[in-house]
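Chains as they are written, first to last, in the working numbering: chain D, 1 to 258; chain V, 1001 to 1270.
Note that these hints are calculated values from the structure, not bench results.
As the structure is a prediction and not an experimental result, all values here were calculated from the model.
Among the hints, a few may not be true.
Okay, derived cross-link-like pairs now, DSSO-like style, lysine-lysine, Cα gap no bigger than 27 angstroms in a straight line [stated by the list, open to error]:
id, chain 1, residue 1, chain 2, residue 2
1, D, LYS97, D, LYS251
2, D, LYS86, V, LYS1034
3, D, LYS86, V, LYS1120
Cβ-to-Cβ under 10 angstroms is the rule here; a few derived chain V residues that face chain D [claimed, not checked]:
id, residue
4, GLN1199
5, PHE1220
6, GLN1226
7, ALA1232
8, LEU1250
9, ALA1252
Just so it is clear, CB atoms sit at the ideal spot from N, CA and C, and this is done for glycine as well.
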Amino acid sequence: MNLVGNLFGSSIGRKILMAVTGLALIGFVIGHLVGNLQVFSHPDKLNGYAHFLQSLGPALWVARIGLLVCVGIHIWAATVLTLESKRARGGQAYGVKTWIQATLASRYMRWTGYVVLAFIVYHLAHFTLGTAQSDTFKASLPAYKMAHDYHVLGFTVVPAGTEVLDVHRMVILGFQPPLVAGFYLLAVGLLSLHLLHGMDSLFQTLGWRNSRWSQSLRTVVILACLAYFAGNVAIPGAVLTGKLSLESAAKSAPAAHH
Amino acid sequence: MVAASTLKTFSVTLRVWRQAGPAAAGGFVDYPAKDISPDMSFLEMLDVVNDELTAKGIEPIAFAHDCREGICGTCSCTINGKPHGPGKGVATCQTYMRSFSDGDTIVVEPFRARAFPVVKDLVTDRAAFDKIQQSGGFITARAGSAPDANALPIPKGDADLAMDAAQCIGCGACVAACKNASAMLFVSAKVGHLGLLPQGQAERDRRVLAMVNTMDTLGFGSCTNQYECSAACPKLISHDFIARMNRDYLTASLRSAFKPAPANTGGGAA
């Protein structure tokens, strides 16, 4: 028996690939959100954080390629499994078919997945590549001078006075068009719904779930998804309602303006 | 003197899938089922309707049945969109007409899946399950007299859990209920039943690898963790067994990948 062959070639193997890549992506989106919530702090925080990540060089590319591979395998496995399952259902559909206990989130995984994929493409074009909304892209904005040192694990990684890209301003300007903020809100809502089924399912697929604690797991998953949704709504929501604006940021950071 | 019966009979309309043969095109046909006793089982009701159809010179509805007490797994109708009908933890033969009301239209279809081709009307060929069983759902044991009951200690909890899985009657409702026509509840019940007992340990890895491989080859779909299977199962077998099978499959794949091959494949007096 061939381990790689079993993982890529069998139904359970592909489900395990879905679960493992899904787990890696869940880890990423949570870390990504926590990092981005620094937008509510002094502009030094988000700008220093962004500059630090960009300065990682090869390590940044290892992470990026790793994530792309995870997304690729996740989509590939989902596609193959879905096509096989559609074929398995057979040509003749039921005249009447009822759902017994499948959750809403589980029934729309494919559709929430499509929207999340479209969102990832837009999100990268918007904040990483600058091909969407290029007038407010970080490279088109005036440089930002760090008012304080930025620390990671107690080490100063970006010293005060460094000129860095103004990601903080880009985020605020980028979410000001209501259509963009609205799309982000919709997409993170559907991503949270996707995670609601995905987080629970990965425990089942990896064989760690059973009725002894599945109710507790469900509760933790629901709370985690709600917290994730709330965190993601906060950023475009605060810009849309004017709670987070260039003026409010200037008030919190008088030293940042010269 | 005997009191007059207070039992009220009622009438329903059956919308039944009729299909003359495996290659024939099928379709729904409506039949009235009149003066039905609420205490009839669904299959007894079909018998009554078939008697009337036969008397009228119409080909009776073909449906699969055998023990009629919920232990053989032969009956297999999807009733109003749920395999084995509206009840929880019962087979079609244990579904009683009191589950329905006067004037209802009841839609009756075969269990549908590509791996379960329709033979005729409501009868499907579920030999695919037998093929999965034959690929590993057994223990290669000495066929002698029964061993002493205390010779092989098995914790009570493990034995009970194994018996939960062993309740599977192989009817195929899990496949019929699943939007992916996945057989994972069935396979996991067989894998779990033997994998929990000491007698099943020697072939545990080989069994799960072979049975999953056969399941895939026969064209069943895969699990999306919606658990429609365990809800439709007449024995309410838990989808916990699917998680156990997934873990067993991963462990077996890992172990077999690193297992050394014996040098002398002949062994003994070759």
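Hint-by-hint comparison with the structure:
Restraint check for LYS97/D and LYS251/D: not satisfied, since their Cα atoms lie roughly 59 angstroms apart, outside the 27 angstroms limit. A threshold of 27 angstroms between alpha carbons decides the hint, and for LYS86/D with LYS1034/V the separation of about 39 angstroms lies outside it, so the pair is violated. About 23 angstroms separates the Cα atoms of LYS86/D and LYS1120/V, which keeps this hinted pair within 27 angstroms; it holds. Because the closest C-beta pair between GLN1199/V and chain D is about 22 angstroms apart, greater than 10 angstroms, the hint is violated.
Interface hint at PHE1220/V: satisfied, since its Cβ lies 5 angstroms from the closest Cβ of chain D, which is below the 10 angstroms cut-off. Evaluation of the GLN1226/V hint against chain D yields a held restraint, the C-beta minimum of about 4 angstroms falling below 10 angstroms. Against a cut-off of 10 angstroms between C-beta atoms, the interface hint on ALA1232/V holds, since the closest Cβ of chain D lies about 6 angstroms away. The criterion of a C-beta within 10 angstroms of any C-beta in chain D is met by LEU1250/V, whose closest approach is roughly 6 angstroms, and the hint holds.
Annotation: interface hint on ALA1252/V holds; nearest CB of chain D at approximately 8 angstroms, less than 10 angstroms.
Of the numbered hints stated above, those contradicted by the structure are hints 1, 2 and 4, listed in ascending order.
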